[in-house]
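In order, the protein sequences belong to chains A and B. When the letters of the first sequence are read in order and numbered with the working numbering, they come out as residues 1 to 298. When the letters of the second sequence are read in order and numbered with the working numbering, they come out as residues 299 to 615.
Just so you know, the hints here were simulated from the structure itself, not pulled from any lab data. What you are looking at is a predicted structure, and each value in this text was computed from that prediction instead of being measured. A couple of the hints might just be wrong.
[As the list claims (entries may be wrong)] To give an idea of the chain B side of the interface with chain A (calculated C-beta under 8 Å), a few residues:
{"#": "1", "residue": "A318"}
{"#": "2", "residue": "I320"}
{"#": "3", "residue": "V327"}
{"#": "4", "residue": "M438"}
{"#": "5", "residue": "L443"}
{"#": "6", "residue": "M454"}
{"#": "7", "residue": "G553"}
{"#": "8", "residue": "V556"}
{"#": "9", "residue": "N565"}
{"#": "10", "residue": "N578"}
{"#": "11", "residue": "M589"}
{"#": "12", "residue": "F590"}
{"#": "13", "residue": "V595"}
{"#": "14", "residue": "A606"}
{"#": "15", "residue": "A607"}
Note that the Cβ used here is the ideal one computed from N, Cα and C, for glycine as well.
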Amino acid sequence: MTDIAAATQAPRRNRFLSSVAGFARQQPVGAVSLFIILAMLFASIFASWVAPYHPLDTDFMAILTAPSWEHLAGTDTFGRDVFSRLIHGARTALVIGITASLLGCTAGALLGAASAYFGGRIDAVIQRIVDLLLSFPLVVLALVIAAVIGRQLVFGIDMGLVLAIAIPIVPQVSRVIRASALSVRSMAYIDAARVAGYSHTRIILRHMAPNLVAPFLIMVTAYVAQAILLEASLSFLGLGVVEPTPAWGLMLSGNATDYFISAPWLIIFPGLAISIAVIAFNLFGDALRDWLDPKFTT
Amino acid sequence: MLSYVVRRILMMIPTLLGVAIITFFILRVVPGDIVEVKMRGDGAIVSVEAIEAERKRLGLDQPLGTQFVNWMTGLVTFDFGNSMWTGRPVIQEIAGRFALTFQTAILATLFAVLVAVPLGTVSALWRGSWIDYTMRLVTMGGLALPTFWVGLLLLMGLLWAFNWLPPLTFTPFFSDPMKNLSQLIWPAMVVGYRFASVLARLIRSSLLEILGEDFIRTARAKGASERRVIGLHALSNALLPAITVVGLEFAFLIGGLVVTEQVFNLNGLGKLFIQAIKNNDYTMIQGMVMMFAAIYVVANLVVDLLYAAIDPRVRYR
Numbered sequence: 001m002t003d004i005a006a007a008t009q010a011p012r013r014n015r016f017l018s019s020v021a022g023f024a025r026q027q028p029v030g031a032v033s034l035f036i037i038l039a040m041l042f043a044s045i046f047a048s049w050v051a052p053y054h055p056l057d058t059d060f061m062a063i064l065t066a067p068s069w070e071h072l073a074g075t076d077t078f079g080r081d082v083f084s085r086l087i088h089g090a091r092t093a094l095v096i097g098i099t100a101s102l103l104g105c106t107a108g109a110l111l112g113a114a115s116a117y118f119g120g121r122i123d124a125v126i127q128r129i130v131d132l133l134l135s136f137p138l139v140v141l142a143l144v145i146a147a148v149i150g151r152q153l154v155f156g157i158d159m160g161l162v163l164a165i166a167i168p169i170v171p172q173v174s175r176v177i178r179a180s181a182l183s184v185r186s187m188a189y190i191d192a193a194r195v196a197g198y199s200h201t202r203i204i205l206r207h208m209a210p211n212l213v214a215p216f217l218i219m220v221t222a223y224v225a226q227a228i229l230l231e232a233s234l235s236f237l238g239l240g241v242v243e244p245t246p247a248w249g250l251m252l253s254g255n256a257t258d259y260f261i262s263a264p265w266l267i268i269f270p271g272l273a274i275s276i277a278v279i280a281f282n283l284f285g286d287a288l289r290d291w292l293d294p295k296f297t298t
Numbered sequence: 299m300l301s302y303v304v305r306r307i308l309m310m311i312p313t314l315l316g317v318a319i320i321t322f323f324i325l326r327v328v329p330g331d332i333v334e335v336k337m338r339g340d341g342a343i344v345s346v347e348a349i350e351a352e353r354k355r356l357g358l359d360q361p362l363g364t365q366f367v368n369w370m371t372g373l374v375t376f377d378f379g380n381s382m383w384t385g386r387p388v389i390q391e392i393a394g395r396f397a398l399t400f401q402t403a404i405l406a407t408l409f410a411v412l413v414a415v416p417l418g419t420v421s422a423l424w425r426g427s428w429i430d431y432t433m434r435l436v437t438m439g440g441l442a443l444p445t446f447w448v449g450l451l452l453l454m455g456l457l458w459a460f461n462w463l464p465p466l467t468f469t470p471f472f473s474d475p476m477k478n479l480s481q482l483i484w485p486a487m488v489v490g491y492r493f494a495s496v497l498a499r500l501i502r503s504s505l506l507e508i509l510g511e512d513f514i515r516t517a518r519a520k521g522a523s524e525r526r527v528i529g530l531h532a533l534s535n536a537l538l539p540a541i542t543v544v545g546l547e548f549a550f551l552i553g554g555l556v557v558t559e560q561v562f563n564l565n566g567l568g569k570l571f572i573q574a575i576k577n578n579d580y581t582m583i584q585g586m587v588m589m590f591a592a593i594y595v596v597a598n599l600v601v602d603l604l605y606a607a608i609d610p611r612v613r614y615r
């Protein structure tokens with residue numbers, strides 16, 4: 001019994017490992033960016049252990065000290081350790097970025113799949129609304145939604161901010177998924193399922209969705225990068241994450257310009273953190289796309 | 299042609315009406331009410347009667363339907379109402395800042411086109427060379443680096459290198475071009491970097507696609523010079539999709555300069571929009587959103603018409 005279990009378990013794990021190895025061999029850039037993403041995830045989950053200081057601890061004896069071995073990225077105007085704040089900021093960026101991207105992409109994918117499945121008038125109406133939403137710059141849409149919803153804390157996450165980032169993503173994702181879904185819809189097995197009398201919900205979720213997983217995963221990764229960028233921009237504008245929560249965009253807002261000469265590390269490091277995170281997710285998304293679905297283009 | 303243009307202009311009406319309905323009703327769901335923010339914002343104690351009176355003055359005590367109809371009738375005559383915060387006409391507040399944002403958007407577009415067209419072309423022609431790799435690396439940065447950070451770095455660089463920062467007050471271009479450019483060229487370059495990255499990548503991939511087409515082989519086979527093949531046959535086709543991107547990105551810049559204006563402390567439309575959002579200034583937000591939508595719709599029309607004028611394959615329907 002146990003032998004059988006072991007025998008069926010072993011190849012599965014090997015398959016997983018070998019597919020990871022295959023990904024690394026085919027997409028070395030993607031593997032490196034995956035490694036950076038995993039490192040950031042690790043640092044943000046264990047932020048309290050990884051960060052040398054508490055992100056909110058002020059040390060008035062060490063205000064605006066330059067980077068040194070004691071403070072790797074220097075300290076800010078309150079004597080808080082910038083490196084520790086960057087690590088805790090990774091948590092903010094990843095939690096908001098991943099939640100917003102998952103939410104927006106899921107809603108967009110469902111909308112796109114439904115639009116393609118029903119076709120006709122429903123499709124036309126959904127597409128007109130999508131057109132409307134697409135006629136605004138991302139930031140403008142996000143700002144209006146952020147203002148409408150306001151701050152809504154759920155488990156310490158500002159869901160208002162998450163929605164403000166997720167909703168502008170929905171129309172963009174729905175466009176791409178709709179295109180893929182249209183080709184899936186024309187498959188014979190969808191007609192077969194309809195003839196068999198299955199409900200619309202069942203056909204969309206059980207028959208179409210599995211065939212849209214590849215484009216969906218690609219979109220989710222790509223939009224995490226967009227979401228992180230948007231969160232940083234909103235926080236920079238003072239309409240995203242609020243003090244004292246450490247967030248990368250917030251660290252650059254306010255009177256950062258006063259420290260161009262006296263404390264340039266306050267400007268260089270947070271921006272570098274945002275850039276590395278965004279580049280890593282962008283490159284991983286590209287690699288995932290080439291690996292999962294060479295034909296798929298966004 | 300004329301009937302096509304007229305039809306397209308008429309089609310703009312339902313789009314703008316949709317935008318108007320959505321923005322108006324979404325904003326009324328806002329829990330914070332402008333009168334509360336305005337009068338009690340700094341912790342002042344204000345009587346309920348005073349608040350009611352102010353609501354009445356701003357017309358907020360009327361039913362939503364009436365408010366909407368009033369606003370719409372105003373819109374038709376280009377009366378966007380008065381700002382609920384400053385009391386000045388919305389259109390006046392916008393007009394006072396339009397020049398700055400519009401000019402920055404134009405400069406950024408110019409910068410992007412001047413950089414992206416040669417860059418995209420060169421990197422497609424020498425695909426896989428070091429030029430191509432450098433270009434892809436630089437444009438990757440354009441898409442990933444946050445614009446506000448690039449802006450801050452640029453300001454810091456200027457301060458370090460020349461001990462100089464751009465002037466903070468806006469000078470109209472025609473009264474003193476040098477002073478005007480010395481202020482706006484920097485934000486335009488920062489936004490232009492991102493814009494150029496999008497554009498250069500697009501031109502590269504569309505040129506690569508065109509170069510594989512049969513008619514390019516035919517042109518080469520009949521002995522046309524490489525210069526003629528690239529310049530006349532390939533580029534003119536590859537640049538067509540770029541027109542769409544340039545037009546729509548330009549329209550997006552009018553509203554999308556929000557972050558950049560904050561970095562360079564420019565008093566443009568973006569700053570006005572942020573203030574309106576922070577103050578829950580309904581009429582101002584509505585008016586600006588309508589304006590952004592209208593600019594996008596017009597840009598879309600211009601792009602389509604340009605397309606039809608340039609590309610003989612496009613037919614007016």
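Structure-based check of each hint:
1. A318: Violated, because the Cβ-Cβ distance from B/A318 to chain A comes to roughly 11 Å (cut-off 8 Å).
2. I320: For B/I320, the interface hint holds, since the closest Cβ of chain A sits about 7 Å away, which is under 8 Å.
3. V327: Holds - the Cβ of B/V327 comes within 8 Å of chain A, reaching about 6 Å at its closest.
4. M438: Since chain A brings a Cβ to about 7 Å from B/M438, closer than 8 Å, the hint holds.
5. L443: holds (5 Å)
6. M454: holds (5 Å)
7. G553: It holds, given that the least Cβ distance between B/G553 and chain A is near 5 Å, below 8 Å.
8. V556: This interface hint holds because 5 Å falls under the 8 Å limit.
9. N565: violated (15 Å)
10. N578: Hint holds; B/N578 Cβ to chain A Cβ min 7 Å, cut 8 Å.
11. M589: Violated - the Cβ of B/M589 stays beyond 8 Å from chain A, reaching only about 11 Å at its closest.
12. F590: Given a least distance of 6 Å, the restraint on B/F590 holds.
13. V595: With a closest approach of 7 Å, the B/V595 hint holds.
14. A606: With Cβ-Cβ at 20 Å, over 8 Å, it is violated.
15. A607: With a minimum Cβ separation of about 23 Å from chain A (threshold 8 Å), the hint on B/A607 is violated.
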